[in-house]
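A.B. asks: Each chain, written out:
Protein chains: 4
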Amino acid sequence: MSTDMSAELEIFNRRESEARSYCRSFETVFTKASGAEMTGADDKTYIDFLAGCSSLNYGHNDPDMKEALIAHIADDGIAHGLDMYTHEKARFLKAYEDNILKPRGMDYKVMMTGPTGTNAVEAAMKLARKVTGRRNIVAFTNGFHGMTMGALSLTGNTGKRGGAGGGSLSDVTHMPFEGAFGDDTDTLAYLEMMLDNSSSGVDAPAAFIFEPVQGEGGLNAASDEWMRGVARIAKKHGALLIVDDIQSGCGRTGTYFAFESAGIVPDMITQAKSLSGFGLPFAALLIKPEHDIWKPAEHNGTFRGNTHAFVTGRVALEKFWADDGFQNDVQHKSAILTTGLQAIAEIVPGARLKGRGMMQGVDVGGGETASAICARAFEKGLIIETSGADDEVVKVLAPLTIPEETLRKGLNILLDAARDVTVQTKVAAE
Amino acid sequence: MSTDMSAELEIFNRRESEARSYCRSFETVFTKASGAEMTGADDKTYIDFLAGCSSLNYGHNDPDMKEALIAHIADDGIAHGLDMYTHEKARFLKAYEDNILKPRGMDYKVMMTGPTGTNAVEAAMKLARKVTGRRNIVAFTNGFHGMTMGALSLTGNTGKRGGAGGGSLSDVTHMPFEGAFGDDTDTLAYLEMMLDNSSSGVDAPAAFIFEPVQGEGGLNAASDEWMRGVARIAKKHGALLIVDDIQSGCGRTGTYFAFESAGIVPDMITQAKSLSGFGLPFAALLIKPEHDIWKPAEHNGTFRGNTHAFVTGRVALEKFWADDGFQNDVQHKSAILTTGLQAIAEIVPGARLKGRGMMQGVDVGGGETASAICARAFEKGLIIETSGADDEVVKVLAPLTIPEETLRKGLNILLDAARDVTVQTKVAAE
Amino acid sequence: MSTDMSAELEIFNRRESEARSYCRSFETVFTKASGAEMTGADDKTYIDFLAGCSSLNYGHNDPDMKEALIAHIADDGIAHGLDMYTHEKARFLKAYEDNILKPRGMDYKVMMTGPTGTNAVEAAMKLARKVTGRRNIVAFTNGFHGMTMGALSLTGNTGKRGGAGGGSLSDVTHMPFEGAFGDDTDTLAYLEMMLDNSSSGVDAPAAFIFEPVQGEGGLNAASDEWMRGVARIAKKHGALLIVDDIQSGCGRTGTYFAFESAGIVPDMITQAKSLSGFGLPFAALLIKPEHDIWKPAEHNGTFRGNTHAFVTGRVALEKFWADDGFQNDVQHKSAILTTGLQAIAEIVPGARLKGRGMMQGVDVGGGETASAICARAFEKGLIIETSGADDEVVKVLAPLTIPEETLRKGLNILLDAARDVTVQTKVAAE
Amino acid sequence: MSTDMSAELEIFNRRESEARSYCRSFETVFTKASGAEMTGADDKTYIDFLAGCSSLNYGHNDPDMKEALIAHIADDGIAHGLDMYTHEKARFLKAYEDNILKPRGMDYKVMMTGPTGTNAVEAAMKLARKVTGRRNIVAFTNGFHGMTMGALSLTGNTGKRGGAGGGSLSDVTHMPFEGAFGDDTDTLAYLEMMLDNSSSGVDAPAAFIFEPVQGEGGLNAASDEWMRGVARIAKKHGALLIVDDIQSGCGRTGTYFAFESAGIVPDMITQAKSLSGFGLPFAALLIKPEHDIWKPAEHNGTFRGNTHAFVTGRVALEKFWADDGFQNDVQHKSAILTTGLQAIAEIVPGARLKGRGMMQGVDVGGGETASAICARAFEKGLIIETSGADDEVVKVLAPLTIPEETLRKGLNILLDAARDVTVQTKVAAE
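Residue numbers (the numbering used here), protein chains in the order written: chain B, 1 to 430; chain A, 1001 to 1430; chain W, 2001 to 2430; chain U, 3001 to 3430.
This list has only true hints and no planted wrong ones.
Computed Cβ-Cβ distance ranges for the label pairs, DEER-style:
#1 A/ALA1343 to B/ARG104: 53 to 63 Å
#2 B/ASP183 to W/GLY2133: 35 to 45 Å
#3 U/ALA3189 to A/GLY1238: 22 to 32 Å
#4 B/ARG104 to W/GLY2350: 42 to 52 Å
#5 A/GLY1381 to B/SER34: 38 to 48 Å
#6 B/ASP390 to W/GLY2133: 18 to 28 Å
For the record, the hints were derived by calculation from the structure and aren't laboratory data.
Since this is a predicted model, take the numbers as computed values, not measurements.
Cβ coordinates follow ideal geometry from the N, Cα and C atoms, glycine included.
Given these sequences and hints, build the entire structure.
C.D. replies: Structure representation (structure tokens):
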């Protein structure tokens, strides 16, 4: 390790809060990044299978976005304009309308919430309660929706909930996500029974919220039937349907929204992570026009509408979503990913594939094994993380733009790492 | 209005949620901004007395930050790295330590929360509850701390609270801020009585949170005595002291932190708005080391540590806070501001000055008058907004870097606007 | 109707709150009652198959209790002594120890809560939270535990919950009671899965609370296996087990406690209704000695320990529970009840039996039919009520001391009433 | 101590929960009671200055009530009839209408809640929220309203609140009672300011609830002006006014209701304690007819309308409230009480009188002194207890029917006890 890097690591220990996390798995100081690769202070280059947890679907420093952003800044374009009207916001909205809404026959109002996923979720919760006059919101096992008190009440993870320090996480009913009781049990039937029974103790809900593929919860992918089932039950009970597409959206599963194949029309959709295209903080809430009953500033915030993100986000929409090319490419790479992960699953006893599209991984049976594989992979030049209630899933979230060769290279590293760990475990067991 | 601007305004009406707010006061489309001025699509230039609600203390597109940011992007510097260690984060922390903490003899851990003020506040609330094992938090009348459910529970404004749609805003006790009962009543005595009485029904608090100058609440400035009193009462009752310096910090009142003159040492300090220096989304929570008991990722989020903001934020620290020059300059301009506002107060019957430093305004007695003055000012080329429970305060939040001449020019416009409105009102009354 | 009775009914309309309920089904003014019969102001006598909702297990005005109570009053025995030590309280506790605890090998402290079932439930909730330091309590579908805010949070019924007027009913998770998904689904497996999954969003519970037979919820009787399963899961998760035996206890199901056959040892048991033996307000909470961590007066109330109820309650214990005679008699009558209800079930299409012991009824498929049967029965001289989420169960809660002849007579009236309603319905359908 | 008494004390230790309280101050076993005196198992007779905490305003075993109750029981009158119509309920309501409502020009519906004060309070809270559609309820410092979760949320005492074990006590704002800041501070002005300020964070209240004289909180007596002020503020803010007259009502302060002198008309009034006249469990909620929007059984309970209490409660109304005689007598005795307490206050340094009517006491400056005085008084044959946040008030709650001679005798014992303790303290200090 270089002297400089040691000094820098020291300042993190000295000054950065214990809450820091990813840095603990990847003990280096990163300096540059491009496409699907990141470079450390030691000039070592890593393939990035984490991609900002799906915030970098178009890779690091996409050249077109980069160019547009530099031009904007150089030209004294607005950096911060609160939620005033700006030229760049207009252009972004136009591009969103033309490339996303119109081709899909969708009609939504766009709410620029604070530039974090949790803020978009909080806005959705508040609005659903305002619209329906009800308080209860149904969320699902293994769901992850954010860390502020509203979003945290929806989040299933015990450790995260413990972070509330005893603050009330109320007005939410947690129900089983598809597959939560194993494949044989119909979780929709359960959901319906609890809501149909007027003495179940589950209050009439304002909304149902789910992730089409649970990113933090272990890459649990809801089937189209299940998504349609939740939509039907929500409608039957006068509740709104909120799809949290923050991690699964922006092309991650092979279509722009992760629920497109189900043919459902959510009342609200949360977006963040890759919405800016460049990794800049940005979030939005799509709202069916009839539900857009906010009063001006009723939910506000300083950084609503990050203007730099409008610039890069617009370029992303125009570059990747004007036609089917990108989408088809993602689906092609998804097949490569499936094949690569199957090879890994074969060598880890009891392992099974999870997820769909470019949001897949391998459940290796336990958090210890998964962490060991990821740590070994990092040593070999691959950035990758775990997911799941017990961190039992090795999760691949490569940039969607990753070159096929790099994707295969990364998968090979992962296979090697898995092999190393499996062999080690066998040896240790003997 | 140009055709293009009409088309752009149309798309906002068609696609942007009704929650949008500032844009309603400033009906133009902004294209560029530099220093203390913003330019509209109609090429009209406005003096900016709003400054992103104190997010642009160093003005728009500061040339040094701009240069550094462009170089960073051009060089494929990290744009998004989750909370991994990056060279730019290390440099920012170093600059923060050298220019802010050390000179003030402060020892804090820095928590990179989600890049919004409300997220920093939520992190502080959660941590205070974890540290103390208590739930109640004491907040103050006219306090504004954010829109997510935790921060909203601290916020006093009825309209904002109504946005929760009936969701629970519990575990908070609202107490009178200094001056809330008029100048003659000792609000600290009240606070102390309620906490000393074991049968008051006010549960032992985890924390007290206040803004040194209430930005949204009407520019109510706490005296040093009052801040020290709250600190003393918090200590006596085993509660943490959280200072929300989001709007009042980063030099706004004449010192880096708005509580420096009081000589208090808060247990936690929230920062956001001008922390990036450039208007980019960025927030942090300062935590006394002994309270930094977070487990890794116990409070997390995708955009913790906006790397672009590290770049510009570092430049801001090095450029403006390496010595006393900037601070002295701000204090000098504050005096000019006071003089200018006094002139305005003299012509509006019953008006009085509020706030301190470069965070001053005039309470003109009612929201209608204040809005009329701001609207008239905008016609004359000045961007300015109201504040207060009834929007009764005309609030000046000019960039701290504003040239004196521009400041005086803006104040003159404001004086004219106030005169116009006062005359109009008199005529209407006759 | 006599003139006097008209005048009396008028005063109820004029002065008694709309919350009154049972009186609406039985439009007469009652004057006297003895054994299993009540007499109205019109001298008409009714067989009582309601028995104060199981508060009169030993019938009205049992002669031995009556004699003892009159002697106590005549002799200036204490009527009200707060929770001071009284001779009658000592005698009651001794009789409880000798006749209930010792023969069953049970060791419990007795807490005299306020003299209502809901108060005993509230005390149990509070204590479970104190003991465990946790907040969540698991309650079950169709459970009924009372109307004060704590107990109401456990209660499933939507209408009852609506009575809270929007007050928070938080810190409770509602889970499926046995059979809630039909006979084929294992509700224990569901319960276990939700608690085992650390990302289910169901917080670690302080306690589980259930009724062995759900009185208001539709006479759903838990099997021994299910009760043992809940006990096992509670233990595994460090939660207390609270059995709410208020309606099902005091011999109602054939044993003193309704859970005896399951062989479980609850951490707390709530008792009320028939505890006084005479219908007087009285409730108690049994607490395992190691959990009795209350500080003096930490849960108090004016009417803890109704002294008149100590007198009659002691007589009840000595008269009915000194040996197996009464218990055997109840089991014998339960068989008669089953036979009688089967006859009714046979003539109502789709009907099925519910409950066990002297707590049985017939699910007639809908609330309208059940209400019609009860109304017709009242015309014929039988007091009987419905139960269940949709009032679909005709519920028999006759005094356990009812003479066999009267029981058969009542069942015949019920059969006639069911026949009348069934014929009517058929005619109407044709 | 007799052998029998020892055996009885042993069973309390063995079987009664640690929550028991009053018995700890009065270490004897009581056997009989009549008028203003109680007799222990050791045949020692005590003057009762506690009177069931105001539940025995007419003394123990009033001969007329006793006779009526025995006749009722002997004649097989209804003991328990749920909330069915009974002859005795009709007679009680008629007597209440004739002797209480009509003479005072009051029009209220009577809700028979569960027979405890806390249940009446819970019903009032729920109904106020239903009527207004708001959740917040304003309660006052040192208020005591009960131990179930709703009522407990209104109660100020830290120890009592701690009994909730961390369960949520939300939706309540605690405000200063009259005199809470000392005599010079206008608590109504504070209350009004917090409610008038739309950014105070105090949500629009459903109701205000207060006790005219705070029984447990230290005999703080609200002035007529203060009660009128709260009534006015409640009306102005669209909130209901609930007066909790449980301890202060039924003649205790010299009029039937403790707020009569203020001329206010509460929207709801809670009654319990002395309502049955005989110490039997009984409570009621008076509701203005326009607010009686309960659905049948929306707030229910097994022991609503204790029939034995209807019998004795009716006799109490007819015997004591048919004319002014009793009321005048109570006022006469109140003067004697004041004089007696002044004598005590004179010998205890710093002592001062609290309360009004027959609800007076002496604040002796601290809980230790007060407890010592009460303990000494018990040794001398007087039952008396403390009150206040720190138990600093020696509280006299003698039966209103106490003979003057007995009252004077009791006061002399108290004076002696105070003298003993004062002398002891002086000696100890020297």
